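Full structure from sequences and hints, please.
Chains A and B, in that order, are what the protein sequence lines are.
Numbering-wise (this note's numbering), the first sequence opens with residue 1 and increments by one.
Numbering-wise (this note's numbering), the second sequence opens with residue 1 and increments by one.
Take the hints with a grain of salt, since some may be wrong.
Unchecked claim - Computed footprint of chain A on chain B, listed as stretches where at least three residues anywhere in the stretch have a Cβ under 8 Å from a Cβ of chain A: (1) 30-38; (2) 111-122; (3) 152-165; (4) 371-384.
In case anyone wonders, no lab produced these hints; they're calculated from the structure.
As the structure is a computational prediction, the values presented were derived from the model and not from experiment.
Cβ coordinates follow ideal geometry from the N, Cα and C atoms, glycine included.
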Amino acid sequence: MELTLWTYEGPPHVGAMRVATSMEQVHYVIHAPQGDTYADLLFTMIERRDRRPPVTYTTFQARDLGGDTAEMVKTSVQDAYDRFQPQVMLVGESCTAELIQDQPGALAQGMNLPVPVVNLELPAYSKKENWGASETLYHLIRTLLLPLVPEPGFQRPERDPQVRPKANILGPTALGFRCRDDIQEVIKLLGEVGVDANVVAPLGATPDDIRRMPDADFNISLYPEISNTVCSWLERSFKQPTVKTVPLGVGATRDFIQEIGDVTGIDVGAVLVRSRSDTLGNWSASRITSTEAPGASRLPWYSRSVDSTYLTGKRVFIFGDATHVLAAARITTEELGFTLVGIGTYSRKFARQVRALAKEHDLEAVITDDYLAVEAAVAEAAPELVLGTQMERHIAKRLGLPCAVISTPIHVQDVPARYSPQMGWEGANVIFDDWVHPLMMGLEEHLIGMFRDDFEFAEGHMSHLHTAAESNSADMEKAVEVAIAAEEQAKPAESAPEEESGVTWAPSGLAELKKIPFFVRGKVKRNTEKFAQGLGITEITVDTLYEAKARIGK
Amino acid sequence: MALKPCTATTKEAKVASPNLPVLKERGQREVFCGLTGIVWLHRKMQDAFFLVVGSRTCAHLIQSAAGVMIFAEPRFGTAILGDRDLAGLADANDELERVVAQLLGRRPDIKTLFLVGSCPSEVIKLDLATAAEKLNREYFPQTRILNYSGSGIETTFTQGEDACLGSMVPVLPEKETDEPALMVVGSLADVVEDQFQRLFDRLGVGPVSFFPPRRAAELPEVGKGTKLLVAQPFLSETVRSLLHRGAELLPAPYPFGIEGTTAWLRAAADVWGIGGQAFEEAIAPAVSRAETGLARYRETLNGRKAFFFPDSQLEIPLARFLSRECGMELTEVGTPYIDRMLMDAEIALLPEGTALAEGQDVERQLDRCREAHPDITVCGLGLANPLEAEGMSTKWSIELVFSPLHGYDQAADLAELFARPTERRRRLSV
Ligand code: SF4
Ligand code: SF4
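This is how it looks when you write it as structure tokens:
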């Protein structure tokens, strides 16, 4: 039993719904009580889908439990088939039905429907949403392709060099982060190197599309959490190599192109050179009137622009799914010049990679799905920017920190009307804007704070970040302290409380401390106390504060 | 019931009631489960915490329904059952005690802790009543532990509030005298509660208590002389338990719209012997304000067709309001279930021939809805956008539960909620 206040991932059948909802001509029957129908609104409200997810629920009630709930499954499956005429059916259960053991998938398979029925067994008490999506995609593709799997020992014939290679793009799903737009960017990148997209799945695919997947020369695992399992099965069964680089950020996009070059034997040198040689800072007539994709991103030039110097060493905290977190770490440090002060993920399956990366930055990764632990870690790290999920947006709001969302779980405003991919060249442009913009807002906040005492400063003036009155900053300050205190309480004996260290603050030191922006004040306070303690100083004055600052740095 | 029917209108229309045919359906329901009630109950009772004992699905449901409003540490959470709990490797009761200790250690400000059962906890027969009893021995009186079920196999959407309030009834203090006292049952927005309190004061009806109270630790008393005025139509079990404790029910329509509010207040005023001139005078200013406010929207709504999908249990009272006070035509009024004791006074006011439906088969109901092509469709969030995309105006029912809509001063707001989608369509040219 695990106490949870907010969850990063839903149950595994919601992952299965994401796959079903991504596709056409697929219908999913879930043996579940009525309340589980809430999941429909994730798609119709957050993604503003204009149709219901292709999902039928049996909605059994307590009074049905003594009777024949298995019969309800069959009726629901038959009714759903008759009404929706899908080409494939997925049949499974949610947490409650798992306990009554009707085995709906097996029941449906025994009904002799004229279409394939995929039996989804997704253990609800040990697994979560992304795993559910990954398993569903794997079983669905496997069911449809099994009749086409060649004999063992099969070797892929050499590709005729005259024919353009083809790739399957696997992993984009409903309720994924910016998947809708990322697909287009990836197709553009493939076009640049002379590769055709064969099938995109599950988003937008039909069962017939899935059956065409073996035509591709290789697969792109665009969202490892969801597509790695099926990609490795395809690799084994059809000898299709997998491209594993996720083209998030300029560097990763270049690596992605290189990896495709390696897999296909295409020379991608010219494409890579082009991506480096043009700043896109020349607004010539030919450039501004051309509708052709430029094959480069503005991010490198924008990042080098003197205007961006203030971004140097900005402290960033990153949390989300592993794919986006790993990418964001690289982008922020290598492409924006930030300093990583905290990193973590709720994707436990990828904990190892995230831990390794954290280590490179002398950090301890936060591997958890407890949002309070994340909140405490954010407060402790005192970042100037938080990149996270919609949970971190709220944490950041509470702590008064600028934030951008980089990963699921998402809310309605993370599905923008405009084209806003994260992958490829245009994705890097979007990332520059989306991650730097909140920092400028943060700066504005800070200026307001500085000028608050000016007589010209109208009481009640707020930047658009604040919705409540200025007294908010006191609340936030308190929130920071509460979060840190809670964390310290959670791991006792690790560090003795300051009071017992015998260090006190002289009024001058305290007055100076108050001038430091509140979001880093906690950190400065603790660092200074540690510094004083180390030197045996018992009273912290202005001088101690600045000595500590000089010694420890920012 | 010893009491006379509360309004003349009820009496004359009552004849129509049994003639209303009810379409009973059993198929897929598209309704939240009772856990959803936590979203508003935790805000109503500021010293209470709701701990769902359930699955990841339950946790996900509440956060999806709440829209993830994380502005503070929420006063609800889920103790998620894991494989170990199910396989019997861990004693679920010990585990629950551990989680409760962890929670109360973190939140010593919690005065009442509700253990909320879910489908999984019901199916594995986790005995939350015994668990609560045991925990009470440890934590009471600092914290009182209560339990109820919000499971989807037993409760729909608003029934969660019924189960929650029902769990509080046995611990309400015994009323000391037999003097009449009014108890308003059902959670209302604080602002509405205050309005009603002022009206009762003007009428000279009192003492008045509200159940649930704003602080779960400040429980109202109940017993002989307690007159129940029910503010929400989904409190079947709560009302029955209160009757068992000696209270009396004042049957009345619900205080939606002017007519409903007047009839509702009159049910109480009658007991206190306040009638005629005195009653009219007390309500007159509020009524005339409400009439002015309502007139604006009546024009938009008059003659338009409304269709209700079953969801919040408010469907019948709202349909009555829309038809009698806003001139709307009712094409179908679906509701999760009909409890005659709590609904007869409302059904009696529906126009003859109203198509009532109980239960649901969502696919067939969608077919009927498309066929009827109503001007406004009241439905859950999962259906709203798809219906809009098919060209139908919708009003999501969850908003009807979350907004203050009871009473005279909200009558216009209530009408406005239904007029807004139409007004929006009128403005948009894209
Ligand atoms: S229907 Fe049951 S399992 Fe589903 S969320 Fe509600 S209580 Fe939990
Ligand atoms: S603040 Fe967050 S949870 Fe609330 S409505 Fe906005 S996005 Fe949704």
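Going down the list of hints, with the structure as the test:
Check on the stretch 30-38 of chain B: 7 of its residues sit with their Cβ under 8 Å from a Cβ of chain A, so the three-residue criterion for coverage holds. Here the stretch 111-122 of chain B counts 3 residues with a CB under 8 Å from a CB of chain A, which clears the bar of 3, and the coverage holds. For the stretch 152-165 of chain B, the assignment as covered by chain A holds, since 4 residues bring a beta-carbon within under 8 Å of that chain's beta-carbons and 3 suffice. With 5 residues carrying a beta carbon less than 8 Å from a beta carbon of chain A, the stretch 371-384 of chain B meets the three-residue requirement, and the given coverage holds.
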